[in-house]
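**Student:** My request is simple: use the sequences and hints to build the entire structure.
Residue numbers (our numbering): 4 to 199.
Derived from the structure by calculation, the hints contain no laboratory data. Relax, there's no trap hidden among the hints.
Now the in silico label distances, taken between C-beta atoms and shown as ranges:
1. H192 to G85: 16 to 26 Å
2. Y190 to R35: 43 to 53 Å
3. H192 to I141: 15 to 25 Å
4. F36 to F67: 39 to 49 Å
By construction, the Cβ of each residue, glycine as well, lies at the ideal position given by its N, Cα and C atoms.
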Amino acid sequence: MNPASLILLAFAMSTDAFAASIGRGAELSKVRFISALRIGIVFGVVEAIMPLAGWALGHVAMQFVSGIDHWIAFAMLALLGGHMIRAGLKKDDTRSPADTDAQPGDKSIWLIAFTALATSIDAMAVGITLALTDINIIVASLAIGLATTLMVTFGTLLGRAIGTIVGKWAEVLGGLILIAIGVAVLYEHLVGVVSA
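**Tutor:** This is the structure we're talking about:
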């Protein structure tokens, strides 16, 4: 996976958390930077851990699927992307379970972490897919965590001005990016087979 694909993947993985943070920010009359950053860090840490867990699972399974790994990576990314697009298109409320307090920093860290976990399940599935590709999982996980921290902090801060509509389309864009990465993985393998 080239650096451009890695950056796209990192930001695609952060779009569902970004959508939730926009919904959160849209409900607040005033958002403090430190509170938004705290939520961003929690989401970023959880989002960075999940691909590592998925990668470990995928690495164990790789010995059984090495001949068709590129097809599995393509199918999983396409399914995840399609799911994100569908969820984004039918979503009319981007509220998360932590969306009931007046300020983002007022909620317990555990409830925020639970919300982060709920929005990062797809990152675990992507981690399984990454075990089937030639990528440094530490770099990928750090990139995903950093992108999520930035996107959630930014989304929380700008949610009031942007509104909930953008959150829906961010998830659709993330889904399209995942599908494009899946196509790129399949293309790179098939071109490599043809030229070999």
